[in-house]
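Chains as they are written, first to last, in the working numbering: chain A, 1 to 217; chain B, 1 to 180; chain C, 1 to 199.
For the record, the hints were derived by calculation from the structure and aren't laboratory data. Some hints could be false.
Said to hold, decoys possible - One side of the interface only, derived from the structure: several residues of chain A facing chain B at Cβ under 8 Å:
| no. | residue |
| --- | --- |
| 1 | N11 |
| 2 | L14 |
| 3 | G216 |
| 4 | C217 |
Claimed, not checked - Here are the computed lysine to aspartate or glutamate pairs in the DMTMM-like style, where the Cα-Cα straight-line distance is at most 25 Å:
| no. | chain 1 | residue 1 | chain 2 | residue 2 |
| --- | --- | --- | --- | --- |
| 5 | B | K77 | A | D70 |
| 6 | A | K132 | C | D13 |
| 7 | A | K12 | C | E189 |
| 8 | A | K132 | C | D14 |
| 9 | B | K81 | C | E140 |
| 10 | C | K7 | A | D70 |
| 11 | A | K72 | A | D62 |
| 12 | B | K77 | A | E142 |
| 13 | A | K68 | C | E140 |
| 14 | A | K108 | C | E189 |
| 15 | A | K129 | C | D78 |
| 16 | A | K132 | C | D78 |
A virtual CB, placed ideally from N, CA and C, is assigned to each residue, including glycine.
Here is how the chains run, residue by residue.
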Amino acid sequence: MKNIFLKLSMNKKLALLAFVLGLIAVFAGNPYRGNSVTMDTKELALIVDKTVDHVSAEELADWIIQGKSDFKLLDLRTEKEFNEYHISSAELVPLAELNEYPLLRNEKIVLYSEGGIHSAQAWMLLRAKGYKAVYMLFGGLEEWTDKILFPRIAQNATPGQTAAFEKIKEVSKFFGGSPQVGGTAEEVSAKKPMPKLEMPGGTSAPTAGKKKKKEGC
Amino acid sequence: MSSTSTEIQHVPKPYWNPYLSGIGLGLVLLLSYVIMGRGLGASGAFSTLVATGVSTIAPEHAKSNEFYSEYLADTTKSPLKDWLVFEVLGVLVGGFISGALAGRIKKTVEKGPRISVSGRLFFAFIGGTMMGIGAKLARGCTSGQALTGGAVLNVGSWAFMLAVFGGAYMIAYFFRRQWK
Amino acid sequence: MNAPFFKYGLFGDDVSLVVAFIIGIGFGFFLERGGFGNGRKLAAQFYFNDLTVFKVMFTAIITAMIGIYYLSVIGWMDLSLVYLNPTYIVPQTIGGLLLGFGFVIGGYCPGTSCVSAVTGKIDGMVYLLGIVVGIFIFGEIFPLVSNFYNSTPMGQITLSQLFNIPYGILVFAVVLMAIGGFAAAEWAEKKLGNKIVEP
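Just chain A, with the same shape it has in the complex (with noise of 0.2 Å):
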């Protein structure tokens, strides 16, 4: 049997190899890898762990003021939710197609909803299948409206206060909220209206002129 085979010139085994890869191909099975994927879960523990899987609302902004277009934003409410108001450059991916959106694996994502929940599930499912840039805006949107949006300060604040008070004031207007002073606890927990949509960030997904990249010949 070997003496057959070293007898074979070198074409004919070129073609014998290539047979022999082909005949296993049929048995060998899909090359796409589907739906099921394997998690280290003691590397997730320790993510959350260290804390290094959430951005802060201060931090979000600041990205979105600067410009950066370096992340995608995720919003993971319904759309008559994200129609009312949604953070600018936000695009909105409810829960359920997510799996199916199409996201590039080397750009951050920055998921947030309503409070918390959704956001950790998406976090779960999209680290679950790889992408190992994403983040959960931490306290989701309420905790954005809060301390973006609507951020307050007490009557006797200290002088510490009162200077980041003056910092967020500005990038509370950018985002057309209004910054609150004093008030009783009534008026402050009271529902204020969301700003309208029109901001200066802009409601579409930053551009400027980065197209996607072609791939044909």
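Model the placement of chains B and C on the given structure of chain A, informed by the hints.
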């Protein structure tokens, strides 16, 4: 056989075993897929070149033309900073290296014995023009569509490949004087 | 291993241009090795004298195809991230016919004409010029042909999806077809002779 020649090297070496060249080519293609997630190409680089040229001479015309603008759209950087353009530059270098190593760099015109040099060059030009139009209609040429798409079982690529071989065999008879 | 590396963000656009250049060198190198810088050798394919074009092309296709298939099956490569040229069946077929004509009349295709031009062949250089003119003509008449150009789209579709045959079986089928073709090519060359072995 061939017309005037200016030899740079000594006796040219014979060509490689085609199957080995094919495996080499296939591995390069595979590498491209593994590293970049895309295959090879050639005609696209020329399209970018033409579009850039037109845009330099007549920018408004280029922008309003749907075909050219597709190759110019990215305003954040020069359109020549394109993957295929760099790849084709590499092809020129690689072809030269292989030719130089094998003593096959020679100023010559490849043609059959029954046609003149000017006749051959005329047909080369016509053929190139047809190829340019055909490649754009098909969104690729033999490198980009046939090789690259063929390896991933792309339907359009296989149909294209059959059409290329079919078309070539169809008219080969009428141009035999050029080659034999 | 996470392949394709670029799609996983392992490096950026600028590095990808360097990658393009290096891959191009490999591409051009092997094209010239096989004699594809020689228009006579390329055209000889279509007179059954020298079937190198068929042998090299299909060896390359099955090499890459087998490699991609197995890397995907063992999970090292994510096939869904690999680019697939969208299919427009009619213009691509017509374009292919036109390309076939250009191949025999001119003696080259875009990639091989680069290799030919750079090794001194004047007909290769003239051919390159022809390609540029052809693309220019296409660009200028584009508004007239754009409807045809965009007709019969089928999206990004593989043979496996079209015929509903498992990918692996198609891999085997293509390998068989290639090997059969090579055997036929060897036989034809022996019969009709006249291979172009060196420039």
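Hints and how they fare:
1. For A/N11, the suggested interface contact is upheld, since its CB lies about 6 Å from the closest CB of chain B, less than 8 Å.
2. Annotation: A/L14 was flagged as interfacial toward chain B, and the flag holds, the nearest CB pair being 6 Å apart, inside 8 Å.
3. Taken as an interface hint, A/G216 checks out: its beta carbon lies about 6 Å from the nearest beta carbon of chain B, inside 8 Å.
4. Interface restraint check for A/C217: the shortest CB-CB distance to chain B comes to about 2 Å, inside 8 Å, so the restraint holds.
5. Our distance criterion of 25 Å between C-alpha atoms is met by B/K77 and A/D70, whose separation comes to about 17 Å.
6. A threshold of 25 Å between alpha carbons decides the hint, and for A/K132 with C/D13 the separation of about 19 Å falls inside it, so the pair holds.
7. For the given pair, A/K12 sits about 16 Å from C/E189 by alpha-carbon distance, which is consistent with the 25 Å threshold.
8. With a C-alpha separation of about 22 Å, the suggested pair A/K132 and C/D14 falls inside the 25 Å cut-off, and the hint holds.
9. Under the criterion of a C-alpha separation no larger than 25 Å, the hint pairing B/K81 with C/E140 is consistent with the structure, at around 24 Å.
10. Between C/K7 and A/D70, the direct Cα distance comes to roughly 15 Å. Compliance with the 25 Å bound is thereby established for this hinted pair.
11. Pair hint A/K72 plus A/D62 holds up; C-alpha atoms about 14 Å apart against a cutoff of 25 Å.
12. Distance check on the hinted pair: B/K77 and A/E142 sit about 40 Å apart at the alpha-carbon level, beyond 25 Å; violated.
13. For the hint linking A/K68 to C/E140, the alpha-carbon distance of about 38 Å lies beyond 25 Å, and the restraint is violated.
14. Our distance criterion of 25 Å between C-alpha atoms is broken by A/K108 and C/E189, whose separation comes to about 57 Å.
15. Of the supplied pair hints, the one linking A/K129 and C/D78 holds, its CA atoms being roughly 12 Å apart against a limit of 25 Å.
16. Taken as a hint, the A/K132 and C/D78 pair is honoured in the structure, with Cα atoms around 15 Å apart against an allowance of 25 Å.
When held up to the earlier numbered hints, the structure conflicts with 12, 13, 14 and fits the remainder.
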